[in-house]
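Participant: Each chain is listed here by its residues.
2 protein chains.
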Amino acid sequence: MSQYKLTYFNVKALGEPIRMILHYMGKDFEDERVSLEEWQKLKQRSPFGKLPTLEVDGKVLHQSNAVCRYLAKEANLRGSNDWEDLQIDIIVDTFQDFRKEVSLFHHEPDPAVKETKKAKILNETLPYYFSKFDKMVEENKGYFANGKLSWADFYLGGFSDSLVTLLGVDIYADYPNLKTWRAKFFEIPQVKDWISKRPQTAL
Amino acid sequence: MSQYKLTYFNVKALGEPIRMILHYMGKDFEDERVSLEEWQKLKQRSPFGKLPTLEVDGKVLHQSNAVCRYLAKEANLRGSNDWEDLQIDIIVDTFQDFRKEVSLFHHEPDPAVKETKKAKILNETLPYYFSKFDKMVEENKGYFANGKLSWADFYLGGFSDSLVTLLGVDIYADYPNLKTWRAKFFEIPQVKDWISKRPQTAL
Numbered sequence: 007m008s009q010y011k012l013t014y015f016n017v018k019a020l021g022e023p024i025r026m027i028l029h030y031m032g033k034d035f036e037d038e039r040v041s042l043e044e045w046q047k048l049k050q051r052s053p054f055g056k057l058p059t060l061e062v063d064g065k066v067l068h069q070s071n072a073v074c075r076y077l078a079k080e081a082n083l084r085g086s087n088d089w090e091d092l093q094i095d096i097i098v099d100t101f102q103d104f105r106k107e108v109s110l111f112h113h114e115p116d117p118a119v120k121e122t123k124k125a126k127i128l129n130e131t132l133p134y135y136f137s138k139f140d141k142m143v144e145e146n147k148g149y150f151a152n153g154k155l156s157w158a159d160f161y162l163g164g165f166s167d168s169l170v171t172l173l174g175v176d177i178y179a180d181y182p183n184l185k186t187w188r189a190k191f192f193e194i195p196q197v198k199d200w201i202s203k204r205p206q207t208a209l
Numbered sequence: 007m008s009q010y011k012l013t014y015f016n017v018k019a020l021g022e023p024i025r026m027i028l029h030y031m032g033k034d035f036e037d038e039r040v041s042l043e044e045w046q047k048l049k050q051r052s053p054f055g056k057l058p059t060l061e062v063d064g065k066v067l068h069q070s071n072a073v074c075r076y077l078a079k080e081a082n083l084r085g086s087n088d089w090e091d092l093q094i095d096i097i098v099d100t101f102q103d104f105r106k107e108v109s110l111f112h113h114e115p116d117p118a119v120k121e122t123k124k125a126k127i128l129n130e131t132l133p134y135y136f137s138k139f140d141k142m143v144e145e146n147k148g149y150f151a152n153g154k155l156s157w158a159d160f161y162l163g164g165f166s167d168s169l170v171t172l173l174g175v176d177i178y179a180d181y182p183n184l185k186t187w188r189a190k191f192f193e194i195p196q197v198k199d200w201i202s203k204r205p206q207t208a209l
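Order-wise, the sequence lines are chains A and B.
When you read off a place in the first sequence, starting at 1, and then add 6, the result is the number in the numbering used here.
When you read off a place in the second sequence, starting at 1, and then add 6, the result is the number in the numbering used here.
Treat the hints loosely; a few may be bogus.
One copy or two, either will do: identical chains are not told apart, so a pair holds if it fits within one copy or between any two.
[What the hints assert, rightly or not] The list that follows gives simulated cross-link-like pairs (lysine to aspartate or glutamate, DMTMM-like), each with its CA atoms no further than 20 Å apart:
hint, residue 1, residue 2
1, Lys203, Glu38
2, Lys141, Asp99
3, Lys154, Glu107
4, Lys138, Glu107
5, Lys126, Glu114
6, Lys49, Glu130
7, Lys56, Glu130
8, Lys120, Asp199
9, Lys65, Glu90
10, Lys126, Asp116
11, Lys79, Glu107
12, Lys123, Glu61
13, Lys49, Glu114
14, Lys124, Asp103
15, Lys120, Asp34
16, Lys65, Glu145
Calculated directly from the structure, the hints in this document are not laboratory data.
All of these numbers come straight from a predicted model, not from anything done at the bench.
Modelling step: build the complete structure from the supplied sequences, incorporating the hints.
Facilitator: Below, the structure is given as structure tokens:
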């Protein structure tokens, strides 16, 4: 049986979809959480100096999106054919576009510019993406792609709490289908079990 | 036979890997190039307001990375198994991280900040990524992944000219394996043929 070690900061964000998929698969994994200070010393452990990484039998993988897609095969969370896989890939990369806008706001050092960026996200970017996401979920029987559970739901569901913390608002308030999707995702027995066990972190 | 229509600006960048893969596959495709002004009017044609899009038999696809992965299946440019596909996905997403840094510099409105960002890319980011890319190509028999041609080579090879233009330097000068890789990629008969036929654009 393969040995898994996930290394990330003590936050959900990009590590959480991987943790959730591993737990969904029933895999035991080492959940290594490093501080920013520790990470500066360990940086060379990651192929391109970034986290999360997943070690599988000592081989170091990186890029959370690619890692989730890989695990999703064994987890039975991919599409049934190439067209369905494409739909999953499109929604995950679209979410990445949105997430990166939030990340640019989060890492903005100038407080005034940061406020402007936040306002733009809350007034324009979030409504633009989330109204489309909401419609997508409505049209896909309550899931993000292909009318069934996939790693796209894990990617967005795993990251979602971090967005709420970063933006400081209930990002789902105006989107009834997303609200239902989130509640349903959090009720998946293995997801529910993981949430009850995981370390409590604000982000 | 499927009908393909690629819509993008009159530049290489994110559209070029798709154009190159389609041409490599021997597919005729409509190569629609719109101006920024035209695009403002047509924006709602793209599911999330971005380009490139690829219409396949009238269905509008977006996210260039996802589209390339999809086309790569038929083009025989994927890996031989899930592990090999993972290696391709990792390098493409790592390239995206680098590309986004260049994009942030390119879109920076403040000239002084723009210069600072450019200097950081040329002195730190580019050497960091490209020295690792160079080693990767050295270890993979002159390709980016799995010791053979894949859509990772098309993604990076298709985009590469735009990086040269954006940064205004020969980005490959210090990286002998990347230089050889690029020359070899441009000698693939279908790639060479496409380059001789495509519209000449600076970016």
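Participant: Against each hint, give a clear statement of whether it holds in the structure.
Facilitator: Consistency of the hints with the structure:
With identical chains, the CA atoms of Lys203 and Glu38 are at most 20 Å apart within one copy only, with a shortest distance of 15 Å there and 52 Å across copies. Proximity of Lys141 and Asp99 under a CA criterion of 20 Å is satisfied intra-copy only: 17 Å inside one chain copy versus 27 Å between copies. Proximity of Lys154 and Glu107 under a CA criterion of 20 Å is satisfied in neither setting, with 28 Å inside one chain copy and 35 Å between copies. Taking identical chains as interchangeable, the C-alpha atoms of Lys138 and Glu107 lie at most 20 Å apart only when both belong to the same chain, with a minimum of 16 Å there against 27 Å between chains.
Proximity of Lys126 and Glu114 under a CA criterion of 20 Å is satisfied in both settings, with 13 Å inside one chain copy and 17 Å between copies. For a Cα distance limit of 20 Å, the shortest separation of Lys49 from Glu130 across copies, 16 Å, qualifies, whereas the shortest one inside one copy, 36 Å, does not. Only between protomers do Lys56 and Glu130 lie at most 20 Å apart by alpha-carbon distance; the minimum there is 15 Å, versus 30 Å within a single protomer. For a Cα distance limit of 20 Å, the shortest separation of Lys120 from Asp199 qualifies neither inside one copy, at 36 Å, nor across copies, at 48 Å.
When the C-alpha separation of Lys65 and Glu90 is checked against a cutoff of 20 Å, the pair qualifies only between copies, where the shortest distance is 13 Å, while the shortest distance within a copy is 29 Å. Taking the closest pair of Cα atoms, Lys126 and Asp116 come within 20 Å of each other both inside a single copy (15 Å) and across two copies (19 Å). With identical chains, the CA atoms of Lys79 and Glu107 are never at most 20 Å apart, being 29 Å at best within one copy and 31 Å at best between copies. Proximity of Lys123 to Glu61 under the C-alpha cut-off of 20 Å is found in neither arrangement, the shortest distances being 36 Å within a copy and 33 Å between copies.
Proximity of Lys49 to Glu114 under the C-alpha cut-off of 20 Å is found in neither arrangement, the shortest distances being 23 Å within a copy and 28 Å between copies. With identical chains, the CA atoms of Lys124 and Asp103 are at most 20 Å apart within one copy only, with a shortest distance of 16 Å there and 22 Å across copies. In this assembly of identical chains, Lys120 and Asp34 lie within 20 Å of each other by CA distance neither inside one copy nor across copies; the values are 40 Å within and 46 Å between. Taking identical chains as interchangeable, the C-alpha atoms of Lys65 and Glu145 lie at most 20 Å apart only when they sit on different chains, with a minimum of 16 Å there against 39 Å within one chain.
In the structure shown, a violation is registered for the earlier hints numbered 3, 8, 11, 12, 13 and 15, in ascending order.
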